[in-house]
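Chemist: Chains as they are written, first to last, in the working numbering: chain A, 1 to 219; chain B, 1001 to 1303.
Treat the hints loosely; a few may be bogus.
To be verified - Calculated cross-link-like contacts (lysine-lysine; reagent style DSS-like; alpha-carbon spacing at most 30 Å):
1) LYS1034/B with LYS183/A
2) LYS1034/B with LYS62/A
3) LYS1183/B with LYS1068/B
4) LYS143/A with LYS1034/B
5) LYS1034/B with LYS30/A
6) LYS49/A with LYS1034/B
7) LYS62/A with LYS1068/B
8) LYS1006/B with LYS129/A
Unchecked claim - Partner residues are not named here, just some residues of chain B that face chain A (Cβ under 10 Å, in silico):
9) LYS1006
10) TYR1014
11) ARG1022
12) ALA1024
13) LEU1025
14) SER1029
15) SER1033
16) LYS1034
17) PRO1035
18) LEU1036
19) GLU1107
20) ALA1120
21) ARG1196
22) GLU1198
It is worth saying that the hints were derived from the structure and are not from the lab. Glycine included, C-beta positions come from ideal geometry on N, C-alpha and C.
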Amino acid sequence: MSTGAFEFVIQDDAENWYRLDFHVYDDHAKPWFSSVWQRMVVALDAAHKQTATSLPEWAQWKPWDWCEKKRPGYEPRQTIVAWCGGQMAGFMNVWSGIPSQIDTGQTTLYIEHVAAAPWNQNTELWRRKYRQTGTALLAYAIKLSQDQAMGGRVSLHASNNSALAFYRKVAEKRTPQLFYGEKSGVTGPTPHGNHDVSKTYLETTPAGAINFLEDYRHA
Amino acid sequence: MHEPPKTDFQPRWYRNATAEVRNALADFSGSGSKPLNWPRIVTRILPSSGSSSLAARTVSEVIDLTQKLAHFAAYDAVRGLNPDFADMRSMGADVLSFSRLTIEPFEEGSFVIPARFESADFIPVEPNAKELEAGNITPEAISAESIASRFGSILDEIATGGATHTISTGALQTVQQLNRALKREVVAIEFATFDRREQQSSYRSIDHEFIERVDRVIQQRRPSNDQLESVEGTVTALDIEQGELRLSIRGQKQRVRGNFHTMLHPTLLESLGKRIRLFGSLSYKRDSMVSIQIQQAEVFDTE
Chain A
1 MSTGAFEFVI QDDAENWYRL DFHVYDDHAK PWFSSVWQRM VVALDAAHKQ TATSLPEWAQ
61 WKPWDWCEKK RPGYEPRQTI VAWCGGQMAG FMNVWSGIPS QIDTGQTTLY IEHVAAAPWN
121 QNTELWRRKY RQTGTALLAY AIKLSQDQAM GGRVSLHASN NSALAFYRKV AEKRTPQLFY
181 GEKSGVTGPT PHGNHDVSKT YLETTPAGAI NFLEDYRHA
Chain B
1001 MHEPPKTDFQ PRWYRNATAE VRNALADFSG SGSKPLNWPR IVTRILPSSG SSSLAARTVS
1061 EVIDLTQKLA HFAAYDAVRG LNPDFADMRS MGADVLSFSR LTIEPFEEGS FVIPARFESA
1121 DFIPVEPNAK ELEAGNITPE AISAESIASR FGSILDEIAT GGATHTISTG ALQTVQQLNR
1181 ALKREVVAIE FATFDRREQQ SSYRSIDHEF IERVDRVIQQ RRPSNDQLES VEGTVTALDI
1241 EQGELRLSIR GQKQRVRGNF HTMLHPTLLE SLGKRIRLFG SLSYKRDSMV SIQIQQAEVF
1301 DTE
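Isolated chain A (complex conformation) (with noise of 0.2 Å):
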């Protein structure tokens, strides 16, 4: 095995690409969630009401508010922020030691959230200005999994079809393969858990999930 750093990247249209730094929810992203986020999906939002169009699904989210610690019965929840430079590129929100569904005994980090920044998605208003955001979030998670002595497992629920067919698309082909079998019926481990059983529950295998974050190091 490669010993060199991991290098989480992005890309640009221009094809060039970006190193993520990631960080723990702080004071410095607030504004990017209350501020930014929320005022281009504001902006979004009246746009499709002019054009009587439906909103994405992702614009209806409020992550802003989800950040707010004080809410009970999400404190073990953690925000972790990607940031490229100065500027905020995506989120996750993770729970720690979650147990595996197919591994008895074991614990995996699970993501309750997984978000590029509107403004690194295509919009009825602008276009990305990063690509390649899930994927670089979705390693980011499994080495934060094996840092944490969860062997690099990571759990989530697909919220939709789309979402369901970029974790397909990622695991496509993938030798040892990156997740276990999709699951139903699974709960999830927040207070919200119960609204997730019918969503599709997916799991990484220790191997899968190792040799995708090898994928991200910079030999």
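With chain A fixed as given, assemble chain B onto it according to the hints.
Modeler: Here is chain B on its own, set in the frame of chain A:
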């Protein structure tokens, strides 16, 4: 601002991927489900004649009355329905705290005022040791969602002419007081409530017609159907405990004594020093008005 850190590194999967796979993985909006949120009441004030501004007083008054109505809704949710209830001071600090609204940042370019209930569940009964031992008491926690729900149902009952007999007098009078903002510079005040799943649970628009409905409900609660007389003046003394006030009226040196029932507390609580119109039975002595048994009151806008 830091420059984005450029690198010549490409992830291994990307180097090995076809153009089709690269494109398929380029876009990723996100995955996850909406977490539970705080129950909310969202107020929208619609200025008259398309104005883009409002008096600070109007905005603060609407926020204040929204909070008051939330307190009365909480009282119903916690203590049960009591149409006679009007005195907010006797509500109890626990209920007031349970129903405290926190305002979120306003949306730009609008008078949309999102407010949420951050309170933990309310436990109405503290079981005593004997009852706990007997195992027959399970205090049921009341979620703040029930405040938003009752808030919505109060407005729904008024709008549809439903079970208005269940609405407390205090709540009715609080809604009635929104009329001040409507008379001043607002065409309507909209209220929407949201549950913890961010689903809208009710929506009502308060306009002059709505206030007329409230007036009729309050009118029906008058102890007497006698034709009421009215007098206008300024409240120069107020004793809420005793249910008494003194009214100075034009053209008369002697102040008029007024007596009122607790159901008028919400209206009269802030009437001291203000112009007011009182309705009720008047008593006279040698052509001078000496007292009024107050059945109804309307505080004038002093602006």
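Chemist: Hints numbered earlier in the text: which of these fail when held up against the supplied structure?
Modeler: The structure conflicts with no hint, since it agrees with every one listed earlier.
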